[in-house]
Every structure is written in C-alpha cells, then in structure tokens.
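**Student:** One-letter residues, chain by chain:
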Amino acid sequence: MTELTADEVALVLQRLAEAESDARAEALASGKSFVRFLERAGIVWLVQRIPDIVANVKDWLANIFEPLLNSL
Amino acid sequence: MQPVPMSEQDEQVLRTKVLDEITGHPPTIGVIGISGVGKSSTINTLLGAALPTSDTVACTKEFWSVSAELAFTHGNARGLAAHLQVIDAPGLGEDIRRDQEYLAAYRRHLPRCDVVLWLMAARNRAVALDQRYLQQLSDCHPRMVFGLNQVDLIEPLDWHPTLNLPSAGQRRSIDQITRDRQARLADALQRDIRMIPYSAKARYNLQGLFTAIVEACPEDRAWLFSSLKNFTYDDFLTAEARQVVETARQPASGVLSLLTQRLGLTRPSTATE
Chain A
1 MTELTADEVA LVLQRLAEAE SDARAEALAS GKSFVRFLER AGIVWLVQRI
51 PDIVANVKDW LANIFEPLLN SL
Chain B
1 MQPVPMSEQD EQVLRTKVLD EITGHPPTIG VIGISGVGKS STINTLLGAA
51 LPTSDTVACT KEFWSVSAEL AFTHGNARGL AAHLQVIDAP GLGEDIRRDQ
101 EYLAAYRRHL PRCDVVLWLM AARNRAVALD QRYLQQLSDC HPRMVFGLNQ
151 VDLIEPLDWH PTLNLPSAGQ RRSIDQITRD RQARLADALQ RDIRMIPYSA
201 KARYNLQGLF TAIVEACPED RAWLFSSLKN FTYDDFLTAE ARQVVETARQ
251 PASGVLSLLT QRLGLTRPST ATE
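So the protein lines, in turn, are chains A and B.
Going letter by letter, the first sequence gives residues 1 to 72 in our numbering.
Going letter by letter, the second sequence gives residues 1 to 273 in our numbering.
Some hints here could point you the wrong way.
From the derived model, a few chain B residues whose C-beta atoms are all more than 12 Å from chain A [to be verified]:
| id | residue |
| --- | --- |
| 1 | Ile96 |
| 2 | Leu103 |
| 3 | Ala105 |
| 4 | His109 |
| 5 | Pro111 |
| 6 | Val127 |
| 7 | Gln131 |
| 8 | Cys140 |
| 9 | Gln176 |
| 10 | Arg184 |
| 11 | Arg242 |
| 12 | Thr247 |
Listed next, the stretches of chain A that the computed footprint assigns to chain B, with coverage defined by at least 3 CB atoms under 8 Å from CB atoms of chain B [unchecked claim]:
| id | region |
| --- | --- |
| 13 | 3-10 |
| 14 | 13-20 |
| 15 | 27-41 |
Hints are computed from structural coordinates only; laboratory data are not their basis.
C-beta: ideal position from N, C-alpha, C; glycine also.
Turn these sequences into a full structure, and let the hints guide you.
**Tutor:** Pasting the structure below:
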C-alpha cells in the first residue's frame with residue numbers, strides 16, 4: 001500500500017467531510033420533499049401519524065417501493 | 001425514535017398515491033450542454049441510466065425525450081425497475097444548421113422538466129455558445145443546476161491517482177475556472193448562479209452535484225430523484241484512501257485520530273446513505 005503523508009490524509013478527510021455534508025443536505029431535502037408530496041396528495045394525516053417520517057424517509061420509502069414496483 | 005408502524009389500510013392508501021406519482025409523472029430531467037461535455041455519462045453515473053456514450057462521436061444526433069430504464073437503489077427496493085425521462089439534444093453546438101431546431105425542441109420540452117442540468121467541460125475556455133444558448137433558454141425553466149465536468153483533466157494534469165483527488169495545482173485551477181465560468185454565465189443570464197465542479201469519470205464531487213439537483217427540484221418531487229441515486233457519497237475513495245480513513249476514524253489510531261479531531265471531521269452518528 002502506498003504511504004500517504006499527513007497532508008494527503010488531511011486532504012482525503014476534508015473531501016470526505018464535504019461529501020458527507022452534501023449527503024446530509026440531500027437526505028434532508030429528500031425527506032422534506034416526501035412530506036410535501038404527501039401534503040399535495042391529500043394524505044397529510046400520514047405525516048401527523050408518523051412524526052419522524054423525515055428522519056426515516058429512506059428506509060420507509062424502500063419498504064413502500066418494493067411491493068409497489070413489483071406491481072408495475 | 002423508531003418509526004410508528006403503519007396500518008395495512010394506511011399503507012394501501014400511500015401505495016396508491018405513490019404509484020400514481022411514479023407512473024403518471026415520472027421524474028424528468030433536461031440536460032443541456034454542447035456536444036462532448038459528458039451529458040449522458042453524467043446521467044449514467046448519477047442515476048444508473050444506460051444512455052449511450054462515446055469518447056469520439058456524438059452518440060445521438062436527434063433530440064431525445066427518452067424513458068431510461070433505471071433501478072431503485074435503496075433498501076428492499078434495490079434493483080427494481082423504475083423510469084426516468086431524459087430530455088437531451090446531444091448534438092447541440094456541432095452544426096449551426098441544426099442548433100435552431102434543437103433550441104426550439106428544448107423550448108418545447110424543458111417546461112415539463114423537474115429540473116434542468118446545464119453542463120460544461122472544464123477545459124473548454126470558449127463559453128460563447130453556452131452564453132448564447134443560455135440567453136435563449138433561460139426563460140424556459142426556473143430551476144437550473146450548472147455543472148463543470150471533467151475537472152480531472154484540468155492543467156497541470158497531475159490528478160492524484162492514489163487519492164483520486166486533484167493536486168494542489170489543480171485545485172487552484174478548478175477554483176479559478178469555476179469562478180470564471182460562473183461569472184461569465186451569470187453575466188449572460190443577468191443573475192447569480194452557482195457552478196459545481198465535478199468529474200463523472202473520476203466520481204469527484206458527484207454528491208455536491210446531486211445535492212444541488214435534489215435541492216433545485218420542485219419540493220414535492222425531489223424524493224423521486226433521491227430514490228434513484230446510483231452512488232454513495234464516499235465512493236470516490238480509492239482502496240488506499242478508504243483504508244486510511246477507516247484507520248483515522250478508529251479511536252486509538254494516534255496521530256491520525258488527533259488530526260481528524262483537530263479538523264472536526266468525526267463521522268456523523270446518523271448514516272445519510
């Protein structure tokens with residue numbers, strides 16, 4: 001394995017932190033987006049019934065999409 | 001906090017609504033850029049589409065409005081079929097005799113896109129065509145994301161192979177070129193824009209570009225794109241870099257751990273992928 005210098009390690013960690021920050025922003029936007037969709041679809045009561053849907057939106061979506069996509 | 005379980009009745013209601021959305025109004029993206037900037041390869045890399053690409057010739061001469069076969073990428077739905085509408089004129093800028101035809105087609109198709117991705121090649125200094133096209137199309141769509149592709153090919157051409165990251169010299173060039181292209185397109189548009197440097201081939205800053213796309217989407221539609229994401233935020237890491245990162249994140253890794261803490265780069269407790 002190639003030996004990396006401290007500067008190179010810092011560079012990798014810096015880039016990774018930037019990517020993580022962007023990924024968190026994406027996940028947040030995605031979660032909010034799904035809630036907006038539920039509101040538009042007239043089933044906002046689901047948001048009220050599942051208050052932490054935003055935080056868990058991806059797992060939640062995956063469970064919904066599987067049977068849905070099987071039926072396409 | 002764990003999600004509250006849904007009743008079967010509630011879930012059926014939700015299934016019907018989601019099914020109506022993804023079949024009746026599939027996610028739609030417009031991709032604009034002169035020939036050779038890597039439009040198809042960018043869509044393929046971000047979303048796992050299989051649009052044809054070539055290093056030597058424009059793959060599609062005609063205007064596209066295609067439904068790309070995709071796969072959902074998260075959780076239990078991984079690998080299942082989905083659709084993405086891609087609006088593209090791959091030959092734009094190749095032949096002035098056809099540009100008016102392409103631009104007219106864009107004007108017809110762009111308004112129905114969720115988001116428009118405007119791509120440029122980092123090594124291409126001539127931006128007059130982009131400026132001209134942008135002036136003609138700017139009123140077609142309010143949600144445009146600007147990407148600067150192929151930053152791995154910027155001078156002094158010494159991309160770090162072990163880190164898969166730009167050298168210090170390239171980073172300076174990337175910053176300079178990004179600011180320049182951003183200013184020149186903003187001047188043509190008469191409004192501020194944000195240009196995002198990335199490399200589809202090197203998978204550099206894909207997450208930054210993807211986040212910009214999701215954030216630019218209509219608020220009730222962004223989740224569709226996020227569900228089709230075909231990469232992870234850290235997949236630009238080489239095996240060597242990944243090993244170093246893992247070591248640095250272990251509590252008892254001495255200097256690297258200290259360095260990580262000093263830089264404030266501790267791993268978040270909640271996974272985002």
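**Student:** Each hint needs a verdict: does it hold in this structure or not?
**Tutor:** Each hint, compared with the structure:
The non-interface label for B:Ile96 is consistent with chain A: the shortest C-beta to C-beta separation is roughly 38 Å, beyond 12 Å. Non-interface status of B:Leu103 relative to chain A is upheld: no Cβ of that chain comes within 12 Å, the nearest being about 31 Å off. For B:Ala105, the shortest C-beta to C-beta distance to chain A comes to about 29 Å, beyond the 12 Å cut-off, and the non-interface label holds. At roughly 23 Å, the least C-beta separation between B:His109 and chain A is larger than 12 Å, which holds for a residue marked as non-interface.
The claim that B:Pro111 lies off the interface holds: its Cβ sits roughly 19 Å from the closest Cβ of chain A, which is beyond the 12 Å cut-off. With a minimum CB-CB distance of about 26 Å to chain A, B:Val127 clears the 12 Å threshold, and the non-interface call stands. Annotated as non-interface, B:Gln131 keeps its C-beta farther than 12 Å from every C-beta of chain A; the closest such distance is 28 Å. No Cβ of chain A approaches the Cβ of B:Cys140 within 12 Å, the least distance being about 23 Å, so the stated non-interface status holds.
For B:Gln176, the shortest C-beta to C-beta distance to chain A comes to about 19 Å, beyond the 12 Å cut-off, and the non-interface label holds. For B:Arg184, the non-interface assignment is confirmed: its Cβ lies about 25 Å from the closest Cβ of chain A, beyond the 12 Å cut-off. A beta-carbon of chain A comes within 12 Å of the beta-carbon of B:Arg242; the shortest separation is about 9 Å. For B:Thr247, the shortest C-beta to C-beta distance to chain A comes to about 9 Å, within the 12 Å cut-off, and the non-interface label is violated.
For the region 3-10 of chain A, the assignment as covered by chain B holds, since 5 residues bring a beta-carbon within under 8 Å of that chain's beta-carbons and 3 suffice. Under the rule that three or more residues need a Cβ within less than 8 Å of chain B, the assignment of the region 13-20 of chain A holds, with 8 such residues. Chain B is given as covering the region 27-41 of chain A, and this holds because 13 residues of the stretch bring a CB closer than 8 Å to a CB of that chain, at least three being needed.
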